[in-house]
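K.L.:
Given chain A, put chains B and C in place with the hints provided.
Protein chains in written order, with the working numbering: chain A, 1 to 228; chain B, 1001 to 1095; chain C, 2001 to 2300.
Hints are computed from structural coordinates only; laboratory data are not their basis.
Only a predicted model underlies this, so the values are computations on that prediction, with no experimental measurement involved.
All C-beta atoms, glycine included, are put in the ideal place defined by N, C-alpha and C.
One should not assume that every hint holds.
[What the hints assert, rightly or not] Facing chain A, according to a computed beta carbon distance under 7 Å, are these residues of chain C, among others:
1. Arg2051
2. Arg2056
3. Thr2067
4. Val2074
5. Gln2078
6. Val2171
7. Gln2175
8. Pro2206
9. Arg2246
10. Thr2250
11. Val2291
12. Ile2294
[To be verified] Examples of chain A residues lying across from chain C (beta carbon under 7 Å, computed):
13. Ser28
14. Thr31
15. Gly32
16. Pro35
17. Phe36
18. Gln48
19. Asn49
20. Ile51
21. Ala71
22. Ala73
23. Glu214
24. Arg219
25. Ala226
26. Trp228
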Amino acid sequence: MNEQAPRSRAELLLELADDDLILGWRNSEWTGIAPFLEEDVAFSSIAQNEIGHARALYELAARDLGTDADALAFDRRPEEYRTAPLVELRRLEWARTIARHFLYETADAIRIDALKSSDDPEVAGLAAKIDREEAYHRMHAELWVGRLLGSEDGRKRLHEAVEELWPYALGVLDDELRPELRRRVEAALGWTLPEAEPVPRGHHEAELAELWEEMTSVRRSAPAGARW
Amino acid sequence: MTLVWEVFRQERKGQPFAHAGSVTAPDLSFAELYAREQYGRRQESEALWIVPREGVHAVADFPDEFDLKYRRVDGYSIKARLKEARERAGTAVES
Amino acid sequence: MDTRTQEFVEYVQAGGQVESGDWMPDDYRSKLVKFIEMHGNSELMGVLPERDWILRAPTLQRKLALTAKIQDEVGHAQLIYRVVEDLGKPRSACLDDLVSGKAKFHNVFHYPTKTWGDVGVIAWLVDAAAIVSQKALLKCSYAPYARIMKKICWEESFHILHGRDVILAMVTGTQEQFELVQEALDRWWEPLMHFHGNPIPADEDPMYVWRIKSQGNEDARQQFLEGYVPQIRELGLEIPDPKLRRDDETSVWSYTEPDWDRLKAVVTGHGPASQERLAFRRLSREQVDWVSRIVLAEAA
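This is chain A alone, in the form it adopts within the complex (with noise of 0.2 Å):
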């Protein structure tokens, strides 16, 4: 699939609806055993403010495709979500969590910061509204970022963690947009990155299929339109 041909407004929304749906699923993943309570609460926050933000996504792609947002949320196929292989990745180990929500966020904030002058004013309503709650998110991958340096150990867990991800986290965004994610990234780590072969969309890790198999379970076991 060329990544860069050009997508209607539905097939954008839904790049990063389900890039946020699936983030917020696999964020889900440390409710109750995130590393201290205080953190659980947070993270469990951002967790849900994800999911929150592809509902709204999804709301707004539903109207162009006449459909409403659950459909489009749980009753595709794995191979039809457009997710960026770096949130279909099972990681439930903190550096690499905290790195993936690190790398995320700031290519979230390059692309969400684009949307915001789009001419579209909806799209641009919806990305500024975004982007206010997604402040906090980045404000929390900094502390993290900021005390895992602050360590001999944490400094070589979080760069051994983002040497693993950042092939992952270009694939996040297009072409022309990733000379900024990579410039944000070093600024804020102090180190240069590895040239890389960036992982785009178009193409999904096994665990995505895995993750829909429990994802969809509940809502498979009765027939379409059923309540919930």
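P.N.:
Structure of chains B and C alone, referenced to chain A:
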């Protein structure tokens, strides 16, 4: 490293800040983040104050040896004298 | 009992409140810590049966509501352990005792969850049973605990509404959905009847003597039945106890006597999911231990 931070919250504009609870955090930035979550994620607070526990100095004993009622409203009972004054002025109200 | 302790008993029984810096008898302090710690453990262990269902929630709204409910429970654990910490027992010691099986948590969290029907029954009825106890704890003689109970009760009221909404959607849905609820209710009825504890008379319960609890166990159970049996029955659901009936003259509910030995076995770690849950908590704690070492002075 300060670990416990006391959180005071103001429920609505104009109201006093009342102690709401405490969070453990390695520094003020984390403490703010966690206090926002525990006491504000439902938009239930207008504002918060966050104070390291050592910043709170507790006081709990007050000497109560002599009659200090004259400093309070309950130290004044004017009913009897008021009745007398009204009777004298002929303005007493039948009750 | 020495004079000072006797005066303390009279003080709390007359409604007196105790703060963290006040003198308290050793027995009061140790019973208090054990009681409050068990509550914290229960909130924390209570997350485990429910968290899987966040991932399986069938609509975005349910996903958000369930995540928020469980987040509240984690938040409650935080509030409760802070009270225990201020009484002198560090959080890490509480968690050590929890995962080693030394400390207890409430019976209901020793059971597996099998279907989305469980999600509704837990959020509605288990939380309802809990709120009966929690409202009584608003009058706890230990003031820091009574104060957090206010926030906890306020937040639990949303949970019950969410739970009831989940149940209502299912009992007005397909026949299969209705049956999911009935089947879940059949499994959860015994744990619910166990929830408030065996019917020890209040004045023989040390927790009541110290006014840590302000309500006897049987009293709490009767309150739960009085409030919720009619609500369950009006949905067309059957309660799996043929002996359950209300004496309209005395307003007392009679029921099949629960197996109290079974309750004891469950809370001492022999419930159907006890060991699996403790193992899960032990493992996940080990995996994040390094984070607490870097971020906090002590392991969480």
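K.L.:
Each hint needs a verdict: does it hold in this structure or not?
P.N.:
We went through each hint and held it up to the structure:
1. Arg2051: It holds, given that the least Cβ distance between C:Arg2051 and chain A is near 5 Å, below 7 Å.
2. Arg2056: holds, 5 Å
3. Thr2067: holds, 5 Å
4. Val2074: With a minimum Cβ separation of about 5 Å from chain A (threshold 7 Å), the hint on C:Val2074 holds.
5. Gln2078: Nearest chain A Cβ about 4 Å off; hint holds.
6. Val2171: violated, 11 Å
7. Gln2175: violated, 11 Å
8. Pro2206: violated, 29 Å
9. Arg2246: violated, 32 Å
10. Thr2250: Not OK, violated: C:Thr2250 not within 7 Å of chain A, min 41 Å.
11. Val2291: holds, 4 Å
12. Ile2294: With Cβ-Cβ at 5 Å, under 7 Å, it holds.
13. Ser28: With a minimum Cβ separation of about 5 Å from chain C (threshold 7 Å), the hint on A:Ser28 holds.
14. Thr31: A:Thr31 check passes; min Cβ-Cβ to chain C is 5 Å, inside 7 Å.
15. Gly32: Status holds, d = 3 Å.
16. Pro35: Hint holds; A:Pro35 Cβ to chain C Cβ min 4 Å, cut 7 Å.
17. Phe36: holds, 3 Å
18. Gln48: holds, 5 Å
19. Asn49: violated, 10 Å
20. Ile51: holds, 6 Å
21. Ala71: violated, 10 Å
22. Ala73: holds, 6 Å
23. Glu214: Holds: closest Cβ of chain C sits about 5 Å from A:Glu214, inside 7 Å.
24. Arg219: holds, 4 Å
25. Ala226: holds, 6 Å
26. Trp228: holds, 4 Å
The structure fails hints 6, 7, 8, 9, 10, 19, 21 (numbered hints given earlier, in ascending order).
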